[in-house]
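Visitor: The lines below spell out each chain.
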Amino acid sequence: MSKGNLLIVDDEPMIVKNLKITLEEYASEIFIAGNGLEALEIIKNQTIHCVICDINMPKMDGVQVIKALRDQQNDVPFIFYTGHGNKELMLEAAKYGAFDFLDKPNLDGLEEVVSKGLEAGFKKRDSQSSEDFESEYLKLLKELEKQ
Amino acid sequence: MSIAILLAEPDLQLAAEIKSKLESSSVASEVLTDPKNWVGQIKNKKYSHVILNYDLEKEVTEEILAKFEADHGHPKVYLVVSEAQRPFVNKSLLESASVTKVLDFPYTIEQVLKCIEESPALKSSAEQKFITLRTLSVKVIEEIYNNGLNEQNIIMAQKIGDSISTLIQKEKDFADIIKNMDDYKPLIYCHPFLVCVFSMMICRKLKWDSQRTMSSLALGALIHDIGMTALPLELRSMNPSEMNPEQFKLYQSHPIEGLNMTNKFPQIPSSVTQIILQHHEANSKGFPNAVSNVKIYPLAKVVSLSDKFARYLLDNEMSPFAGLKAFLGNRMEVLQHDPEMIKAMIKSFIKDDKDSKESA
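Protein chains in written order, with my numbering: chain A, 20 to 166; chain B, 5 to 364.
Think of the hints as simulated: they come from the structure by calculation, not from any bench.
The reader is advised that the hints may include incorrect statements.
[Unchecked claim] With the Cβ distance kept under 8 angstroms, some of the chain B side facing chain A (calculated, not the full set): (1) W212; (2) Q215; (3) P273; (4) S274; (5) Q278; (6) A294; (7) K299; (8) H341; (9) I350; (10) K351; (11) F353; (12) I354.
[Stated by the list, open to error] Cross-link-like lysine to aspartate or glutamate pairs, in silico, EDC-like; alpha carbons within 16 angstroms at most: (13) B:K95 with B:E114; (14) B:K211 with A:E130; (15) B:K347 with A:E155; (16) B:K211 with A:E131; (17) A:K22 with A:E43; (18) B:K211 with A:E138; (19) B:K355 with B:E67; (20) B:K183 with A:E162; (21) B:K351 with A:E153; (22) B:K268 with B:E155; (23) A:K39 with A:E130; (24) A:K36 with A:E48; (25) B:K347 with A:E153; (26) B:K299 with A:E130; (27) A:K158 with B:E344; (28) A:K114 with A:E130; (29) A:K142 with B:D342; (30) B:K95 with B:E67; (31) B:K174 with B:D213; (32) B:K351 with A:E155; (33) B:K163 with B:E147; (34) B:K133 with B:D177; (35) B:K299 with A:D90; (36) A:K142 with B:E147; (37) A:K165 with B:D180; (38) B:K329 with A:E162; (39) B:K347 with A:D151; (40) B:K329 with A:E164.
We put the CB at the ideal spot given by N, CA and C, even for glycine.
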């Protein structure tokens with residue numbers, strides 16, 4: 020089964036390199052963008068299931084990237100990461116719907132967050148029908164009654 | 005641990021009568037009649053039930069109550085209070101010490117026996133840990149609500165959250181612990197603890213259970229309502245459905261107040277502040293920003309569902325297991341939440357053989 024395509028958006032090549040090595044096994048393909056404009060271009064031409072994005076970048080920051088995508092009705096899950104002191108920018112970005120947040124330099128749980136982001140990106144494209152939910156929900160309720 | 009009763013009763017005649025009756029019912033008991041020397045007498049001993057007469061010197065009674073949970077095997081504590089003393093009983097102490105029941109003075113041997121019959125099941129070590137964590141959570145939340153956030157109580161809340169997470173992760177039959185909470189009492193300061201526990205149960209089923217996620221979730225759930233402390237005192241204990249429009253508008257500001265409070269602490273991660281800000285958002289119908297579903301942080305959705313459920317239990321005075329069935333009966337409520345999270349919540353209450361085998 021395909022794991023989903025990940026886009027890493029960061030202007031620091033060393034960070035990008037490390038993230039790519041760490042996350043290689045979790046994604047089908049990893050795309051790299053050095054700034055927000057490049058990110059929008061890649062998303063326009065590729066199927067991206069999850070974006071991991073630095074908040075502070077030249078040309079176009081993380082907030083502007085997510086805002087532009089949401090304006091295009093693109094709901095791809097966004098994971099933001101940044102250092103301490105950027106909380107206001109993070110909150111601004113969160114207004115447009117963030118899947119998760121990572122605070123540099125602590126990237127514990129990065130792999131789990133990205134896996135879940137990719138999974139959520141897939142589900143958005145193939146969401147469970149309400150009939151399926153109803154049937155599973157009723158089945159679970161019956162099981163609960165038996166407890 | 006077998007049934008072992010500690011009776012702290014200064015009336016020598018009454019104490020002797022009760023002890024004799026208990027012994028004739030093959031129940032081991034110990035009687036304390038001299039409050040001055042109680043610490044030495046009960047050191048390192050475990051009790052299943054404690055019957056404590058508030059007629060003992062007040063300070064001693066409060067000291068006993070405060071120490072019992074942690075040091076004496078988490079007994080059921082029954083406090084005997086005369087009508088005259090009732091107004092002077094320290095209510096927050098009753099709550100934090102998990103007093104099971106307050107008995108009226110004078111009490112009878114029949115009442116004592118009934119207390120024992122009502123609670124024959126003795127707790128497993130996981131249940132005892134659960135109760136200890138509940139007590140500790142109540143204490144730290146009370147401290148935060150009374151004195152505000154500070155570096156020390158943030159660390160305490162984080163540690164308690166991590167311990168709750170460890171217990172939920174390790175205990176294969178955690179649903180049973182919740183099910184057995186027959187002495188469950190929905191208390192005000194207990195609400196954040198329940199929100200934390202239910203949120204973690206949901207995330208565990210969703211397999212969003214890395215240490216980082218659970219840690220953020222725990223702290224976010226424990227202090228999700230911290231912004232309420234910025235509101236007038238009378239609003240804090242009011243049910244939102246009973247508020248007038250002006251009061252409700254103020255109430256709706258508590259997520260932003262909470263955000264402003266937590267933003268002052270760089271050690272609080274952004275994921276926690278998002279939980280605090282968005283725990284009342286509901287697909288364009290919530291507050292403070294009425295954001296659509298896609299813009300709500302997933303962990304905030306988990307806390308939102310748990311918050312609604314814990315509030316339902318509080319309002320209806322129901323235990324979690326019975327309450328879940330009733331809560332799910334309200335389809336309008338269920339449909340407001342993420343279907344995956346609803347399913348995970350139900351699954352977390354169902355004893356799962358597969359789960360047991362995996363963790364065995």
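Visitor: All the hints need checking, so say for each whether the structure fits it.
Guide: Taking the hints in turn, this is what the structure says about them:
1. Interface restraint check for W212 (chain B): the shortest CB-CB distance to chain A comes to about 6 angstroms, inside 8 angstroms, so the restraint holds.
2. About 7 angstroms separates the beta-carbon of Q215 (chain B) from the nearest beta-carbon of chain A, less than 8 angstroms, and the hint is met.
3. The interface hint given for P273 (chain B) is met, as the beta carbon of that residue sits about 5 angstroms from the closest beta carbon of chain A, less than 8 angstroms.
4. A least Cβ separation of about 4 angstroms between S274 (chain B) and chain A falls short of the 8 angstroms threshold, and the interface hint therefore holds.
5. For Q278 (chain B), the interface hint holds, since its Cβ comes within 8 angstroms of a Cβ in chain A; the closest pair sits about 6 angstroms apart.
6. The beta carbon of A294 (chain B) comes no nearer than 11 angstroms to any beta carbon in chain A, farther than 8 angstroms, and the hint placing it at the interface is violated.
7. Below 8 angstroms, beta-carbon pairs count as interface contacts, and K299 (chain B) has one with chain A at about 3 angstroms; its hint therefore holds.
8. The beta carbon of H341 (chain B) comes no nearer than 12 angstroms to any beta carbon in chain A, farther than 8 angstroms, and the hint placing it at the interface is violated.
9. Because the closest C-beta pair between I350 (chain B) and chain A is about 4 angstroms apart, less than 8 angstroms, the hint holds.
10. For K351 (chain B), the interface hint holds, the least distance from its beta-carbon to any beta-carbon of chain A being 7 angstroms, beneath 8 angstroms.
11. Of the supplied interface hints, the one on F353 (chain B) holds, with its beta-carbon coming within about 6 angstroms of a beta-carbon of chain A, less than 8 angstroms.
12. Interface restraint check: I354 (chain B) against chain A, minimum CB-CB distance 5 angstroms, threshold 8 angstroms, status holds.
13. This hinted pair does not check out: K95 (chain B) and E114 (chain B) have alpha carbons roughly 26 angstroms apart, beyond 16 angstroms.
14. With a C-alpha separation of about 13 angstroms, the suggested pair K211 (chain B) and E130 (chain A) falls inside the 16 angstroms cut-off, and the hint holds.
15. The hinted pair formed by K347 (chain B) and E155 (chain A) meets the criterion: a straight-line CA distance of about 8 angstroms does not exceed 16 angstroms.
16. Proposed proximity of K211 (chain B) and E131 (chain A) is supported: the alpha carbons are some 9 angstroms apart, at most 16 angstroms.
17. Our distance criterion of 16 angstroms between C-alpha atoms is met by K22 (chain A) and E43 (chain A), whose separation comes to about 11 angstroms.
18. Straight-line distance between C-alpha atoms of K211 (chain B) and E138 (chain A) comes to about 12 angstroms, which keeps the hinted pair within the 16 angstroms bound.
19. Pair hint K355 (chain B) plus E67 (chain B) does not hold up; C-alpha atoms about 39 angstroms apart against a cutoff of 16 angstroms.
20. A threshold of 16 angstroms between alpha carbons decides the hint, and for K183 (chain B) with E162 (chain A) the separation of about 15 angstroms falls inside it, so the pair holds.
21. Restraint check for K351 (chain B) and E153 (chain A): the C-alpha separation of about 15 angstroms stays at or below 16 angstroms, so the hint holds.
22. Of the pairs offered as hints, the one joining K268 (chain B) and E155 (chain B) holds, with about 11 angstroms between alpha carbons and a cut-off of 16 angstroms not exceeded.
23. Our distance criterion of 16 angstroms between C-alpha atoms is met by K39 (chain A) and E130 (chain A), whose separation comes to about 11 angstroms.
24. Between the alpha carbons of K36 (chain A) and E48 (chain A) the distance comes to roughly 14 angstroms, so the proposed pair stays at or under 16 angstroms and holds.
25. With a C-alpha separation of about 10 angstroms, the suggested pairing of K347 (chain B) with E153 (chain A) holds against the 16 angstroms cut-off.
26. Of the supplied pair hints, the one linking K299 (chain B) and E130 (chain A) is violated, its CA atoms being roughly 22 angstroms apart against a limit of 16 angstroms.
27. Our distance criterion of 16 angstroms between C-alpha atoms is met by K158 (chain A) and E344 (chain B), whose separation comes to about 14 angstroms.
28. With a CA separation close to 24 angstroms, the supplied pair K114 (chain A) and E130 (chain A) exceeds the 16 angstroms bound.
29. For the hint linking K142 (chain A) to D342 (chain B), the alpha-carbon distance of about 13 angstroms falls within 16 angstroms, and the restraint holds.
30. Restraint check for K95 (chain B) and E67 (chain B): the C-alpha separation of about 14 angstroms stays at or below 16 angstroms, so the hint holds.
31. Of the pairs offered as hints, the one joining K174 (chain B) and D213 (chain B) holds, with about 12 angstroms between alpha carbons and a cut-off of 16 angstroms not exceeded.
32. Between K351 (chain B) and E155 (chain A) the CA atoms are separated by roughly 11 angstroms; this keeps the pair inside 16 angstroms, and the hint holds.
33. Note on K163 (chain B) and E147 (chain B): the hinted pairing holds, with a Cα-Cα distance of about 15 angstroms set against a maximum of 16 angstroms.
34. The hinted pair formed by K133 (chain B) and D177 (chain B) meets the criterion: a straight-line CA distance of about 14 angstroms does not exceed 16 angstroms.
35. Between K299 (chain B) and D90 (chain A) the CA atoms are separated by roughly 13 angstroms; this keeps the pair inside 16 angstroms, and the hint holds.
36. Restraint check for K142 (chain A) and E147 (chain B): the C-alpha separation of about 42 angstroms exceeds 16 angstroms, so the hint is violated.
37. For the hint linking K165 (chain A) to D180 (chain B), the alpha-carbon distance of about 14 angstroms falls within 16 angstroms, and the restraint holds.
38. For a cut-off of 16 angstroms, the pair hint linking K329 (chain B) to E162 (chain A) stands: about 11 angstroms separates their Cα positions.
39. For the hint pairing K347 (chain B) with D151 (chain A), the CA-to-CA distance comes to about 12 angstroms; that is within 16 angstroms, so the pair holds.
40. For the hint pairing K329 (chain B) with E164 (chain A), the CA-to-CA distance comes to about 8 angstroms; that is within 16 angstroms, so the pair holds.
Hints 6, 8, 13, 19, 26, 28 and 36, counting from the list given before, are not met by this structure.
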